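Asks: Produce the entire structure from the sequences given, and follow the hints as far as they go.
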Amino acid sequence: MDLNTIQTVVTRPTRADLGGWRLGDAWLAGGSWLFSEPQPHLRRLLDLGGFGWPSIKADAEGLTLAATCRIAELRGWAPPPDWTATALIDGCCRALLGSFKVWNVATVGGNICLALPAGPMTALAAALDGVCTLWSADGQRSVPVLDFVRGERLTALRPGEILRSIHLPVSALRRRAALRQISLSPLGRSGALLIGTMGRAGDLALTVTASTVRPFRFDFPAPPSADGLGTALDAIPPAAYHDDVHGRPDWRRHVTRLLGREIVAELAAGARA
Amino acid sequence: MSFTINGTAVERAPRPGQCLRTFLRDLGWFGVKKGCDAGDCGACTVAVDGQAVQSCIYPAFRAEGRAVTTIEGLAGEDGRLHPVQRAFLDAQGFQCGFCTAGMIMTAAHLDDAQRRDLPAALKGSLCRCTGYRAIADAVAERVHVEEGGVGCNAPAPAGPGLVTGAAAFTLDVRIDGLTHIRLARSPHAHARVRSIDRAAALAVPGVIAVLTHEDAPPTLYSSGRHEHEADDPFDTRLLDDVVRFVGQRVAAVVAETEGAAEEGVRRLVVDYEALPAVFDPEAAMLPGAPVLHPRPSGLGEPDVGVPPSPSNILATVKGRIGDVDAGFAEADTLFEARFDLQRVQHAHLETHAALGWLDADGRLVIRCSTQVPFLTRRALCRLFDLPADKVRVQCGRVGGGFGGKQEMLVEDIVALAVLRTGRPAVLEFSRQDQFIGATSRHPMRIDVKLGARADGELTAMQLRVVSNTGAYGNHGAGVLHHGCNESVSVYRCANKRIDGHAVYTNTLPAGAFRGYGLSQVTFAVESAMDELARRLGLAPAAMRRRNMVRPGDPMISVSADKHDVEYGSYGLDQCLDAVEAALAAPGGLPAPTGAQWVTGDGLALAMIDTIPPRGHFSNASIRLRRDGRFALAVGTAEFGNGSTTVLGQIAATALGTAVDRIVIEQSDTDAVSHDTGAYGSTGVVVAGRAVLRACEALATRIRKAAADQMGVSPASCRLERDGVRSGTALLSFADLEESGSPLAAEGFFDGTPRSVAFNVQGFRVAVNRHTGEIRILRSVHAADAGRVMNPMQCRGQIEGGVAQALGAALFEHLDIDAEGRVTTTTLRNYHIPAFADVPHTDVIFAETADTVGPLGAKSMSESPFNPVAAALANAVRDATGVRFTSLPLSPDRIYAALQPSAPKGVATAEPALSAGCA
Chain A
-10 MDLNTIQTVV TRPTRADLGG WRLGDAWLAG GSWLFSEPQP HLRRLLDLGG
40 FGWPSIKADA EGLTLAATCR IAELRGWAPP PDWTATALID GCCRALLGSF
90 KVWNVATVGG NICLALPAGP MTALAAALDG VCTLWSADGQ RSVPVLDFVR
140 GERLTALRPG EILRSIHLPV SALRRRAALR QISLSPLGRS GALLIGTMGR
190 AGDLALTVTA STVRPFRFDF PAPPSADGLG TALDAIPPAA YHDDVHGRPD
240 WRRHVTRLLG REIVAELAAG ARA
Chain B
35 MSFTINGTAV ERAPRPGQCL RTFLRDLGWF GVKKGCDAGD CGACTVAVDG
85 QAVQSCIYPA FRAEGRAVTT IEGLAGEDGR LHPVQRAFLD AQGFQCGFCT
135 AGMIMTAAHL DDAQRRDLPA ALKGSLCRCT GYRAIADAVA ERVHVEEGGV
185 GCNAPAPAGP GLVTGAAAFT LDVRIDGLTH IRLARSPHAH ARVRSIDRAA
235 ALAVPGVIAV LTHEDAPPTL YSSGRHEHEA DDPFDTRLLD DVVRFVGQRV
285 AAVVAETEGA AEEGVRRLVV DYEALPAVFD PEAAMLPGAP VLHPRPSGLG
335 EPDVGVPPSP SNILATVKGR IGDVDAGFAE ADTLFEARFD LQRVQHAHLE
385 THAALGWLDA DGRLVIRCST QVPFLTRRAL CRLFDLPADK VRVQCGRVGG
435 GFGGKQEMLV EDIVALAVLR TGRPAVLEFS RQDQFIGATS RHPMRIDVKL
485 GARADGELTA MQLRVVSNTG AYGNHGAGVL HHGCNESVSV YRCANKRIDG
535 HAVYTNTLPA GAFRGYGLSQ VTFAVESAMD ELARRLGLAP AAMRRRNMVR
585 PGDPMISVSA DKHDVEYGSY GLDQCLDAVE AALAAPGGLP APTGAQWVTG
635 DGLALAMIDT IPPRGHFSNA SIRLRRDGRF ALAVGTAEFG NGSTTVLGQI
685 AATALGTAVD RIVIEQSDTD AVSHDTGAYG STGVVVAGRA VLRACEALAT
735 RIRKAAADQM GVSPASCRLE RDGVRSGTAL LSFADLEESG SPLAAEGFFD
785 GTPRSVAFNV QGFRVAVNRH TGEIRILRSV HAADAGRVMN PMQCRGQIEG
835 GVAQALGAAL FEHLDIDAEG RVTTTTLRNY HIPAFADVPH TDVIFAETAD
885 TVGPLGAKSM SESPFNPVAA ALANAVRDAT GVRFTSLPLS PDRIYAALQP
935 SAPKGVATAE PALSAGCA
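Protein chains in written order, with this note's numbering: chain A, -10 to 262; chain B, 35 to 952.
Just so you know, these hints were derived from the structure itself, not from any lab. None of these values were measured; they are calculated from a predicted model. Beta carbons are placed, not taken as given, at the ideal position from N, Cα and C, and that holds for glycine. Careful, some of the hints might be misleading.
Which residues of chain A face chain B? A partial, calculated answer using Cβ under 8 Å [what the hints assert, rightly or not]:
| hint | residue |
| --- | --- |
| 1 | D(-9) |
| 2 | Q(-4) |
| 3 | N93 |
| 4 | D208 |
If you want the footprint, here are the derived chain A segments under chain B, 3+ residues with CB under 8 Å [what the hints assert, rightly or not]:
| hint | region |
| --- | --- |
| 5 | 10 to 22 |
| 6 | 78 to 87 |
| 7 | 163 to 174 |
Replies: In C-alpha cells, the structure reads:
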C-alpha cells in the first residue's frame, strides 16, 4: 500500500547514514512487509538495495548471505553437493506464508529482522548456527541468530544498527537435516516449524521456531529418547509458546513435541541406515 | 524516472512512498486491482522484468528502468490473447472476475513444476467466488464453454473484458478533479461526541472539508437495504454524535489526495465522553444493561422500524406450534445442546467503494459497488431529501458481494461530500475497513432440543436463538426470522417452539451474509438431528428421510398461517439419496495411514425459499436495435453470481436467437424503472422471470410485424438465430420495420409465488487425533436447482458456496476483544480458503423442473453454503466421537477437544473467542 507519509527515499545510502539515523527512518529491504501495513510514523526510507551487496558468497568457511539476498535467489542457488543441510532451504521457502511472488522480492535479512515467530529464514539460520553481522556507524559486531531474534517482533538491533549479513558455517552445512512444519491450514502460517540436524558423531541439534516467540535450541550428544526430548523441551517456559490466531499455545506446545519426535526418529533412522 | 510499461516508455516520478499498484493505476492501467493492498491476495499481480510480483508491496521507485507488464499488456501486440487468458475463458475460471487479472498474471508466470503444484504456486492468489476448481481447470486448459441458450454452458458476456483487464469495476474510471475521502473512526465502543476540533485537519495542505455530525442530515435510516423500508430499523445517522461501536465513522475528511485526507484524519481532535458498553447479547438483554438506542425524539419516522425502548431487543421471534412439552414427553430420546456460531466476514475481493459527481444537469451520480442500486438511490433520496430524478446510482462490474453489498456503507458519505463541495469524490474501503467498519455474519447462540420416538419420528423441536446484531439493526430482524424458518420448516413435526431475539450490542454491526441466518441455525439443527439419529441407532439419512417435508406437507416453522411458498418442484429426496449413495460408494482420497488417523462420514441438508418474502420486484425491457441485435435492460446487479449470463440465455431462448445477439445493460437506475436488487438469490428467478415476460411479449410483437411485412400469417412465423422465418423466407432482424409501435417490450415480476430449493452436502473426513488436522477425503454436494439454466455456472456457484462455507467451518473467525475492538484486520490473520484448502467437490443435480421459476429454474447461489458446516461437524463427530458445537474446526481446537481431560459428550469445545461474539 502507499506509505503516504514518506517524504524521501534514500536510494544510495552510505555507511554514514547509519549515524544519521533518526526517528521516522526505516531501512527498506524487499518492502514486502513494510508496504503491507500502514506506517504513519515513517518519513524516510533508506534503501538497503542501494548498498549493492553481493547476495550469496560460498567459500571454504561456509555460506554468507547478504541481508538483502532475496529468498528467490537463495532458493535458486546451487550449493556444493556435500552441503547436505542446504536441503532445508526449499522447505523453509515453502514455509513462508507468502508465495513465490513474495520470494521474488522478500529478503532473507528482512524476514529475520521482522522477527515473527514463524519467520522461516530465522528458522533456517538459527538451525544452521547462523551468525549475524550487524553494522553500526562506528563499527560492526557479531550476534548468533539465536540471540538476534529475542521475541515476537523484537531483535537485538540497536537504534541505527542494521543487519549486514548472515554467515552459516560449513560445519553446520555439512550436517544431515530434517524439517517439520504444521499450521492451522494446509499451507498456512507456521504454527510450529522445527529443524533438526545431525553430525557424523550422531550428535543432534533441534531448533524450535514458530510455536515459540523466539527460536529455542536443544543440543543432544545422541538422538534423545521421547522422554529425554520431552524433558529437554520442558525448558521452554510456558509463556514462550506463542498465542495468536495461527494457533493456541497448548496446541503449539503439543505439536512441538510431536514434530520433535518425528525429526529425531528421521535423523536417527538415517544414522542407522 | 523512466519505466517501460506494457512496452511503452514512461517518464514519471512516483511519490516517495508510493507502491507500484497505485502508480500503475494512476497511469490508467486499471487492470491492476486492489484486493488487500497488503500482499496477501494477489489481485494486483504484475510482472517486473518477467517476474511475477504483487504490485501493492512493490515500491514504485524500484521499477525504475524495468519492464512492467500488467494484464493489459499480456496479450500479443496483434491483440491475440495469451494462452492463459484464452484458457480462463474456455474454462470460465472466474465468477466476479476481480481476482482474475492477478490470477492470470500469476498463472502466466508459472513454470512446469509450479503448474504441477498449484496449491503452493497459487497460495498468494485468493479467489472468494469459485472454490478454485474452475481456476485449476483453466490452468489445465480444460474447455467447458459451449454455444447455446437455456441449459447450455454459455460463457459469461463479461469474460473477454475480465481476462484482458478491460472490464471496468467500480473505481476503474478516470475522473478529473477527483477528491478523496478518509474516515475517522471511533476508538470507543460507546461514547458521546462532545466536540470535534477540525482546525488542525483543515490546516493540512490539500484538505478541502471535514464533515461531522454537524454536517449530516438529522434523518435516521438503515444501512441495510430492503424493498420494504420497514424491514430494518431507522436507527442510524450518516454521522452521529453518539458512537456505538469501535470503528464507527465519526467524521470524513475530504482532500485533494489520499495522503492529505489521511493526515487530516490523524489531526482531527475528537473529544469523547465514554458511555457504558455491553458486548454480550445475553447481558444486553438483562435489566440495567446500557441501552444502545433509547427511543429517539424528533428524529426518524415513528411508524417505521423504530426499535422498542428501553431495551436492546431489536426483534423477537415467538413460534408456538402444537404442544412441545407433550411432544418431549412422548419422545423415547431427547437431545439438547447449545451451539455458538462465530462472526465471519464476506471478504469479497473488491472492497466497498463509491465515486460520486454532479452530472451536466446537476444530478447526483453515484457509481458504487452494490447489489442494490435502486434501493441505494431510494436511501440517498430520503437522506438528502432529493427527488428520484435527481439521483442516479450505477454499478460498474461488482467484485463480489455475498450479501455484504446489500448495504449502504460508503455511498452516503460520498453523496454528502459531493453535495457539500460540488467536487467529484471517492471513498474506497481498505481491507482493514472491511473488517472494522463493514458488516459480518450475525453471531448466534442457539439452544436446540429435539425429541423423537424410537422409530425416528420427531415429536418436538425447540429452539432458542440469540442473534447479535451489533450496534445497528440492519438486517437484524430479517436474518433472525429467515434463520429460524427453512431450517425448521424442512422437518415435519407437530410440535415446535421457537424463541428468538436479535439483540443490540456495542459491537460491529452484522448484516446480510450468504444464507441470511440459515447457515447458523442449520448448523445447530442439522448437528442435533445427527446426534439424535446416533442415539436412536439410525442412519443420518434415514433419520432425515423419516422427517423431512414432502410435497403436500405444510412448511411450518413459527406460524401455520398461509404463505406464498409452494412446492414448485421437489428434489430433496433425490439429493439425499445421491449423497448417501456417493458416500457409500468407492471414491475420494484414500485415508492417510497411521493409527493417529480416524475417519468418518457426515451429511446435512438445507432448504431455502427461492425468493425473499413479501415482494421482490424486477423490471426488464427489451428492444430490437437497428443492427438486428437486442438491447436487454435489467436492473439487477451482476457481482459474480452469473445472472447476466443466464438472463442472456433466457432472452436468446425466448427470442429464438443466440446469446451473442443479446446486449445487456444493467445495474443502473437509468436502465429500468425499478429493481429490488440482487439479493436473496433472485437474479435468475425474479429478474429472469421479468426478462422472460419481456422477451415473450417482444417475440409476439416481432412475429406480428414480420407477418405484416412478409404478407404471411403470424402463426407461420418462427424466430430463429438471425431473423424471422416463414416457410423458406427469412426476414433478418435488421430488416424488420417498425410499423406503428416500436419493437420493444417490457416485463415485470413481483416475486410471488415462491418455491423451495434444496441442498445436501456429504463429507468423508480423516482426523489426526494427535495434531487435530482434518483432511477431507470426499466431498459431494447434491442440489435441487430445478431446471439448470447453465450447468457450468450453477456448478461454479455450488463449488464456490461450499468453499466459502468451508472457510467458516475450518478457518474463519472475526475476533473482537474485551474492549470491542476487531483484532483480525488483515487477510493473513483472517484466513479465507486458498487453493490448497479446498477439496474437490462432486456436484450432483436433482432432476426437477419448477412450476414457479422461469423455464423451470430455481435459485442456487446462497443455499449451497448452508448445509456445509453441519455436514463437516457430523463427519468429525463420526470420526472422533466428539460433537463440536462451535466453529471453526481448526486443528488447535480439535486437539483440545480430543484431550482425555476435555469434558465428554456434547459441547466440549468452547467458542473460538469470548467477548462480543456470542
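Asks: Next step is simple, just say for each hint if it's right about the structure.
Replies: Outcome of the hint check:
Given the 8 Å rule on beta carbons, the hint for D(-9) (chain A) holds: about 5 Å separates it from the nearest Cβ of chain B. Restraint check, Q(-4) (chain A) versus chain B: the minimum CB separation of about 6 Å is within 8 Å; hint holds. A least Cβ separation of about 5 Å between N93 (chain A) and chain B falls short of the 8 Å threshold, and the interface hint therefore holds. Using the Cβ-Cβ criterion of 8 Å, the hint placing D208 (chain A) at the interface with chain B is not satisfied: the shortest such distance is roughly 26 Å.
Residues of the region 10 to 22 of chain A with a Cβ under 8 Å from some Cβ of chain B number 4, which satisfies the need for three, so the listed coverage holds. A stretch counts as covered by a chain when three or more of its residues have a beta carbon under 8 Å from one of that chain; for the region 78 to 87 of chain A and chain B the count is 3, and the coverage holds. Restraint check on the region 163 to 174 of chain A versus chain B: 3 residues with Cβ-Cβ distances below 8 Å, three needed, restraint holds.
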